[in-house]
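K.L.:
The residues making up each chain are set out below.
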Amino acid sequence: MDIDPGFLEFESRLSRPLNLKIPDLQHGGRLRHVLFASQFNLPLLDRLGKVADRIRTIAKSREGHRFLNSLLSHKRAMLYFSQPSTRTFLSFSAACQILGIACNEVRDPATSSESKGESPLDSIRMFSSYFDLVIMRSPVSQFAECCAYMMNELEQEDRRSVPIVNAGSGKDEHPTQALLDMYTIQRAFEFRHERDSSQWSKYDEMRSKYPNVRRGIDHKIIGFCGDLRRGRTMRSLAQLLALHQEMTMIFIAPKHPSLSMPDDLKQLLMDSGVRVLEADSFETPIGGVPVIEQLDCLYMTRIQTEHNSAQDKVDFAAIDFTNYKLTRSLVQRMKEYAAILHPFPRDKEFGEIPPAVDRDPRAHYFRQARNGMWARAALLAHIFDVDGAISDYYEDYTKRKPLAPP
Amino acid sequence: MDIDPGFLEFESRLSRPLNLKIPDLQHGGRLRHVLFASQFNLPLLDRLGKVADRIRTIAKSREGHRFLNSLLSHKRAMLYFSQPSTRTFLSFSAACQILGIACNEVRDPATSSESKGESPLDSIRMFSSYFDLVIMRSPVSQFAECCAYMMNELEQEDRRSVPIVNAGSGKDEHPTQALLDMYTIQRAFEFRHERDSSQWSKYDEMRSKYPNVRRGIDHKIIGFCGDLRRGRTMRSLAQLLALHQEMTMIFIAPKHPSLSMPDDLKQLLMDSGVRVLEADSFETPIGGVPVIEQLDCLYMTRIQTEHNSAQDKVDFAAIDFTNYKLTRSLVQRMKEYAAILHPFPRDKEFGEIPPAVDRDPRAHYFRQARNGMWARAALLAHIFDVDGAISDYYEDYTKRKPLAPP
Amino acid sequence: MDIDPGFLEFESRLSRPLNLKIPDLQHGGRLRHVLFASQFNLPLLDRLGKVADRIRTIAKSREGHRFLNSLLSHKRAMLYFSQPSTRTFLSFSAACQILGIACNEVRDPATSSESKGESPLDSIRMFSSYFDLVIMRSPVSQFAECCAYMMNELEQEDRRSVPIVNAGSGKDEHPTQALLDMYTIQRAFEFRHERDSSQWSKYDEMRSKYPNVRRGIDHKIIGFCGDLRRGRTMRSLAQLLALHQEMTMIFIAPKHPSLSMPDDLKQLLMDSGVRVLEADSFETPIGGVPVIEQLDCLYMTRIQTEHNSAQDKVDFAAIDFTNYKLTRSLVQRMKEYAAILHPFPRDKEFGEIPPAVDRDPRAHYFRQARNGMWARAALLAHIFDVDGAISDYYEDYTKRKPLAPP
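Taken in order, these protein sequences are the chains called A, B and C.
Under the numbering used here, think of the first position of the first sequence as 28, with each following residue one higher.
Under the numbering used here, think of the first position of the second sequence as 28, with each following residue one higher.
Under the numbering used here, think of the first position of the third sequence as 28, with each following residue one higher.
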């Protein structure tokens, strides 16, 4: 898709370094627009994780669900997905429903007014006329960013302006995927279990088996496997993890220019103090121990064959990909508390994670999907400033709970 | 569509006889998953019919509508229709809205993650991550059944699991169509009328004209006309009707292997004690009286020309189909209380029921469509165990009604 | 698309003059079906404008929004858009959501039952089985009208019947566009401003600069520019404006049989007492002053190139269209209070209104879009007879407001 001439107006802003852009997307200590994973810093990730936890707990009761449902029932959202993505779409839609936000959608650009010559920015401004939030996924890089700048200008002119949430834009950013990945890893390393009691806790059991293990993300060894160059997901996630202390990251991918870890990202991570390692397979020994046995967390990805060049196709035929696929027996050699994630969909033909692994307690990828719904609900609650009301209700709710179980 | 290798896991369960499967789909005396028309037995049909009647009555008042609307407002449904069907889709959507269930939909499989190599079972499990109910229509036989088994396994492993409702699967089953057809026939033979009073009742009037008529489905003569072999609707309905006493069924169709009554079904019905007759036309005399004058209920169907083979096309050109089309004058010869049903859509070119019949009081097919909404709402209320709350409200409501009419 | 044979039944009604049809579409002093812009007379336009203003004000507070949301939460609407239109669709959808009406949609006729041979009237009757309102947009002229007559007949037979709202039908009518245009012009000539006070008001300022200006639409000079023949919008709007006193209308378009003002409309307007003028460009002097400097309101339209014939393409290449495009400097020569409208989408290639004009206070076209939502919500409130409840709440609300600001 060609860049729209309307974007030129924002050219100087688009070409700034990322850290200069971030203040433009905030509003009184809150995110106003969500465009970049790097808008999430550690305090904010912690805060959003807590809100997500509270929403999840409150939603367990019917009464709590209704409280949530009433919070933003005066808001209407537009989900504008000109690039298809069922999972992200449905997860945002569910998040809106949880908070009572009425959803509207345009998924097929062919039916939109753009076929009558309308500019993409006019389309977004139309959406902002009817709706209170635009969640957008687009194949065009920086389109969401332009929209956010347009909204900022409208606000300055005292005209109607609404928040923009990037649900995946071109090849560059997919911030809410990074948010849900971080939330899933946070939760995994809380080592909580529903049977935790004063007699037994999962954390105590794990410490008895792995004396060095500690709560939280600091000090953990994270593996990334698969399509490390073309998956925008991994790129954002690695940078957010790098905000933590004493991280080790092991990148497991074929040594091929379309798949292996990009040098710029490696450098970025090392500059943040991450210990960066590369491996050819799960069996590569690191300090004498095979990678697979050392990981606290393994982030698997799908080989994005739809982006293969002609040359890629030829090259890939010569690669032994079995080194980059999990098996039940590999998983059984992992630490007992290790967490396996995958942004999904997984590829049933390729089989990077065979269904036989699904029942292993280390498989976190289905709950990761569900976490996407809670994390996105938390983000929307944050944007619309109802996270305080959620905390108040939660406090009340957990006090009452022993007396009146849901 | 090829069978997904993921289905193989369930092969032994899929090949069991139907009666062994049914207990797997129940949960504490309630339907958990709805896959087969034969899950409905007479007590359940009676119970669901009563719930549907109550919902219909309560919904007449604005206050009652709001009560219903709040019942399941903490639930979210996925309507996954990879085989299109406007009527079934809209009817389920309306049923959900009546009970306050938030709806989500995937109607176009091309936009789904399956295009990225995702297995159909992964897609369903994703839906179950975000939603509390999956209503699915698929061209693949037994797909819904596999999903139900997967959900049962997840439940056994204490993982998230949701009910599966089959909204039409391949050529085999469309249980909620059978449910709404039964509900419509139940209501037709209650002989109730809104002008019923102590002075006059429709039932009394009918008995004065047809002394042998009795309330209920037992003893009735039911005609089926049209495409009796390729319409899954008719097959399920006939078997549910066969649960009643002293039934007569007359099958009216051309003697052609693609259209006429299948022998196995004929045998099945006779084994259940049904008196089975076949006729070439509405005029075929049975005991000296033309079929059309004897029927208590006539179930018309559309010739599903989209399933014609090349040979069918040739053969059908030689058939005189006028024998299988209603006319106003045929209808006027039917019993006054007879009920004409059609699962719809009807074919305006073929004209199995011309619009001229629509105003006849025997035409039940439009209210049959609306019954689909009530019957499906009743089914969802049953699955989520709020039918008791509906009964309580109804009791209250009908007591108050003379004092405070809606 | 061919006329459906089912329409023939209504032929005698379809061929009546418009004024004889209007009473058929009313119900106890209210609109029942909305098909024609000419159903709106001045008192009704005034009434709907007031309801829209009240809804807009009430919706500013969360509490008010919830009141509106509960008004019609017992209603379900079908948006049947077999001709695509994102803007009209979304605006109706937002209007429904504001009043709590649950929305359902069929946008793709390929997925509908019509592909199985169903007649269009059967489809509409199916919708009316499940939903309480059908909002429809169709490429077929008079289809919505047939549907309204069908609904009237059903009502007479005591069968289920619902209101039909025409959201654009063929080339002839788009009444709710006319309604929102009128509402926008009404508001523009109220000369209200949010900073109005006893010290300063916008109206006083304008009167000091333009001594002859008066509140209201009477006496105004309205320009129409662009595609005056193929845009149904302009046709309806001109006729509604003609209901006012002492109107002047100036039509600015190339002298080409596909674009210029139709003679029949010109005559109609003159018969209503409108002073009708034509101009070649914004610079054409009228009484010695260029048109652009005289206009109180300018209604711009898009050249609908998708309807060009082969001959049009040849002809248009020879026309200098720069005369029919606004520029920033043209706009700056307009009266300070003048209002520029455009039904949108505008054509970014053609550029009838360049984005540089958007920030001018005379640019009303974005708020015009948002007015569409309020005006449609007002219309739905009128149809379902809840405008009285809105007025009552509003009165209460504005009384309380100083004490408890939203």
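It is possible that part of the hints are untrue.
It does not matter which identical chain is used: a pair holds within one copy or between any two.
[Unchecked claim] Taking lysine-lysine pairs in the DSS-like style, the calculated list, with each CA pair at most 27 Å apart, reads:
1) K87 with K236
2) K87 with K143
3) K87 with K48
4) K143 with K282
5) K340 with K143
6) K143 with K352
7) K340 with K77
8) K236 with K198
For the record, the hints were derived by calculation from the structure and aren't laboratory data.
K.L.:
None of the hints should be skipped; say for each whether it holds.
P.N.:
Do the hints match the structure? See the list:
{"no.": "1", "hint": "K87 with K236", "result": "neither (33 Å within a copy, 58 Å between copies)"}
{"no.": "2", "hint": "K87 with K143", "result": "neither (46 Å within a copy, 33 Å between copies)"}
{"no.": "3", "hint": "K87 with K48", "result": "neither (38 Å within a copy, 31 Å between copies)"}
{"no.": "4", "hint": "K143 with K282", "result": "between (47 Å within a copy, 24 Å between copies)"}
{"no.": "5", "hint": "K340 with K143", "result": "between (38 Å within a copy, 17 Å between copies)"}
{"no.": "6", "hint": "K143 with K352", "result": "between (47 Å within a copy, 17 Å between copies)"}
{"no.": "7", "hint": "K340 with K77", "result": "neither (44 Å within a copy, 62 Å between copies)"}
{"no.": "8", "hint": "K236 with K198", "result": "neither (42 Å within a copy, 54 Å between copies)"}
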